[in-house]
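Could you use the hints to bring the two separately framed chains together as a complex?
Just so you know, the sequences run in chain order A and B.
According to the numbering used here, the first sequence is numbered sequentially starting from 1.
According to the numbering used here, the second sequence is numbered sequentially starting from 1.
Note that these hints are calculated values from the structure, not bench results.
Built from N, CA and C at the ideal position, the CB exists for glycine as well.
There may be inaccurate statements among the hints.
Sample of chain A residues at the chain B side, in silico, Cβ under 8 angstroms [unchecked claim]:
id, residue
1, F72
2, G77
3, T191
4, M195
5, N209
To spell it out: a stretch of chain B is covered by chain A in this simulated footprint if at least three of its residues, at any positions, have a beta carbon under 8 angstroms from a beta carbon of chain A; those stretches are [as the list claims (entries may be wrong)]:
id, stretch
6, 56 to 68
7, 191 to 198
As a plain string of letters, each chain reads:
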Amino acid sequence: MDFDVAFLVSTFVKLVDAVPMTLALFAASVSLGALFALGITYCRVSGGLLLSTFARAYVFVFRGSPLLIQMFLIYYGLGQFPAVRHSLFWPVLRDPFSCAVLALALCTAGYQAEIMRGGLQAVPAREIEAGRAAGMSGLLLFRRIIAPIAIRQALPAYSTEVILMVKSTALASLVTVWEVTGTAQRLISQTYRTMEVFLVATLIYLLINFIIVRLMAFAEYRLSPHLRERPDPASGGGRQGEVHG
Amino acid sequence: MSWIDLIGFGEQGRGGILLWAMGITLAVTAASLCVGAVLGAIIAAAKLSASRPARWLGDAYTTVFRGAPELLVIYLVYFGGSQAVTAIGKWLNYEGFLGLPSFLAGAFAVGLISGAYQAEVYRGAYHAVSRGEIDAARSIGMGTMLRFRRILVPQILRFSLPGLGNVWQLSLKDSTLISVTGLAELMRTSQIAAGSTKQYFLFFIVGGALYLVLTTLSDRIFSFAERRVARSFRHSLGRR
Numbered sequence: 001m002d003f004d005v006a007f008l009v010s011t012f013v014k015l016v017d018a019v020p021m022t023l024a025l026f027a028a029s030v031s032l033g034a035l036f037a038l039g040i041t042y043c044r045v046s047g048g049l050l051l052s053t054f055a056r057a058y059v060f061v062f063r064g065s066p067l068l069i070q071m072f073l074i075y076y077g078l079g080q081f082p083a084v085r086h087s088l089f090w091p092v093l094r095d096p097f098s099c100a101v102l103a104l105a106l107c108t109a110g111y112q113a114e115i116m117r118g119g120l121q122a123v124p125a126r127e128i129e130a131g132r133a134a135g136m137s138g139l140l141l142f143r144r145i146i147a148p149i150a151i152r153q154a155l156p157a158y159s160t161e162v163i164l165m166v167k168s169t170a171l172a173s174l175v176t177v178w179e180v181t182g183t184a185q186r187l188i189s190q191t192y193r194t195m196e197v198f199l200v201a202t203l204i205y206l207l208i209n210f211i212i213v214r215l216m217a218f219a220e221y222r223l224s225p226h227l228r229e230r231p232d233p234a235s236g237g238g239r240q241g242e243v244h245g
Numbered sequence: 001m002s003w004i005d006l007i008g009f010g011e012q013g014r015g016g017i018l019l020w021a022m023g024i025t026l027a028v029t030a031a032s033l034c035v036g037a038v039l040g041a042i043i044a045a046a047k048l049s050a051s052r053p054a055r056w057l058g059d060a061y062t063t064v065f066r067g068a069p070e071l072l073v074i075y076l077v078y079f080g081g082s083q084a085v086t087a088i089g090k091w092l093n094y095e096g097f098l099g100l101p102s103f104l105a106g107a108f109a110v111g112l113i114s115g116a117y118q119a120e121v122y123r124g125a126y127h128a129v130s131r132g133e134i135d136a137a138r139s140i141g142m143g144t145m146l147r148f149r150r151i152l153v154p155q156i157l158r159f160s161l162p163g164l165g166n167v168w169q170l171s172l173k174d175s176t177l178i179s180v181t182g183l184a185e186l187m188r189t190s191q192i193a194a195g196s197t198k199q200y201f202l203f204f205i206v207g208g209a210l211y212l213v214l215t216t217l218s219d220r221i222f223s224f225a226e227r228r229v230a231r232s233f234r235h236s237l238g239r240r
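Just chain B, same shape as in the assembly (with noise of 0.2 angstroms):
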């Protein structure tokens, strides 16, 4: 058998699982943005608050989370998770060992980490946020929220734009190590498909270019999204 017919979607051929592996790495990277904006945007709200232990605790996070190797936490979300689970489980009289479905493991590890980054993403994104603005809003009355509705939040999220790019690739790359919980995300599918058929050369080859493929669309995808939001800037005013 050819290698074509090895990576084709023939029979014999291994196109279609991987192209589905794709998705599923796609997917738990989604989610894992989606964990880490709500962890950032929470840990950037304590790291610029005004009391002292909150400020400690952000710092705390984003140091730990930023420090440690990326495959350490996700033994400790899956074994951790796992070991947590078992012992509801034998709360409610379940005896024996209950693993934590590694989809959700994986996109909540990453999560931690990518929400350690954002968090420093949001920081800067606030700071660059022009006080003039913040006050115009208070001297025509807007009360907290509806400043933080109205002018904060719309314009963090164009300058973070760039910063969520960066996070986004390194999400995906760290999805990578998702594979040692055992999840068929691209990285593991095409492990099963090296062992398989004893052709490591070829998949890992066919792997790492559709990791290629991934990186290089979503680059593309941030850098039109950045143009777009751009045009509102106020710099750009002048330019036509």
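One chain only, chain A, in its complex shape (with noise of 0.2 angstroms):
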């Protein structure tokens, strides 16, 4: 294969003009499936029987089936009835970008419902119990004792779903928003150079995972503080793995 660098550098030129696409994908779906997700949870957790048979179900059903059926089912399902296209909610069902965008959420809803759940369990009863006896209650104990123990037990599997999403987010060049992988189909189709068009596209997800690992791990270590070794008083700064004697 002929290494032709011209040829790669417009091609980056060009893919990287659709990642603002790729990334408004991302971050709208990843933060609506969150607000899901964290509903989801409260249903499954303090809802009644009814309430928790449909968190259950929702998780069931998201998790089980694809996320590109979910997608066509929105986009080209939904339209099909004369009532939705003359209801309110036609202007957003309408458009592929926000139809994406909803597929993405109540899919990635299900997953983080049920990592957040695993989170929540995660919160020994004795802190909750602690809580209550200095006297919290209600929202005071959920901000200071049981959302920061449970944020950072789920943050390491709350990575893995978000690098998963930004992966998912290729999904939506099939009903027609053109992100970054339509934009790659679009080039290769053009061009016929697939090899050369995936490495650089496959660049620029590697790039945008490895910037929202760093960023998790930094929120991470922010949470965990306890974790971090101690600064040693008696050799003032204490700096990390210095021997002492």
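Right under this line is the structure:
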């Protein structure tokens, strides 16, 4: 294979133009999904039988079926009904971008809800009791005791899910949203230089993933001060890994 | 015509073809699992090897194929493979475009991805095998190959079963993306049925439900297999 730097650079420039679309899909769907997931987790953990059954069913359906079919169901399926086309929601459901975001958000909500539930289950009952004994209740207890511990526990699984979502935004190209993968596919069919375009597009995704992994690792570091080495008062500053004696 | 007729097994019904498509989905996923098993074993061996270039290659492989979107990998294999086949055709004096069969391309593409995940599963399972057993095997005089065949492989397979279950579920969902190459698996067949009858909602719901059946059934099968296999683990000896 001859190595054409000029072609690689022009491919890179064209694909970078599509990066904002990928990031917009990603940011909108992950945050909307987190919102849905919070609701589902609430239903599952503190709702009655009806609500917790709904939460279980939701997780079962959206984790058990493929994202592509969910996206097609929302984009092509809902538009089939005149009632939907004449409703308030039609401006949202007519637009490929918002349909893609909705499908991605609904799907990730199922996964995120399970991660959040796992985080909540990891909060020791003793800590909650201690908080209650100190006079905290309701939101204060949640904000000071439950949420920090639960988030810390859930973060590793959460960052895996977030990376999977970066990759999942590629499916939006199949409902005509021109993000990185869709643009790459168009370049491939125009130039027939599959390998080069694939490598450049993959490089872009790896860069995005790498930045997100670093950010998540930073958040994890900030949320777990108790696992860090304490500064040693004897040596003044306390550099890590220094051999004493 | 009512919706029951549309998804039923009558003359106008799509029930039969949807069930057939479910079989294609299972077949292409199973084929990709096999491709991935071979690749995964090689990549895991590379990642565990003492040679630095081999470890580097193994790491590069798992980073690329777990980091790139699945759809992009399918484009790479389908278009790239077809180009390669066309080039070979030209070399053999055949003019014109030659396509790669979509079943093969799909199974290979999903297999490439599944191989990256399986490599991590096998690597984890290898580390779970107790060092003492390997030392014991060495001390009674087993050679490398015999040790590999009698001690390592049986245990690695057992330890990797839960991970393989996850990979299978991932591949099952990735197999929907093979529909872009035109393979008439469950996704593509639901799409065609939806388009030709204009009953998009109905057929995507039915397709989704059939995928739910597949994922639920395979979940059952894997947890049954895990229970079977767990009987031979050492820690389960004391429990009756």
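Results of checking the hints against the structure:
1. Against a cut-off of 8 angstroms between C-beta atoms, the interface hint on F72(A) holds, since the closest Cβ of chain B lies about 5 angstroms away.
2. A hinted interface residue such as G77(A) counts as satisfied when its beta carbon comes closer than 8 angstroms to some beta carbon of chain B; here the least separation is about 4 angstroms, so the hint holds.
3. For T191(A), the interface hint is violated, the least distance from its beta-carbon to any beta-carbon of chain B being 11 angstroms, above 8 angstroms.
4. About 6 angstroms separates the beta-carbon of M195(A) from the nearest beta-carbon of chain B, less than 8 angstroms, and the hint is met.
5. Residue-level restraint check for N209(A) holds (minimum Cβ-Cβ distance to chain B is 5 angstroms; threshold 8 angstroms).
6. Coverage of the stretch 56 to 68 of chain B by chain A holds in this model, with 4 residues showing a Cβ closer than 8 angstroms to a Cβ of that chain against a need of three.
7. Evaluation of the coverage hint for the stretch 191 to 198 of chain B: fulfilled, as 3 residues show C-beta separations to chain A shorter than 8 angstroms, against a requirement of three.
Consistency with the previously given hints fails for number 3 only.
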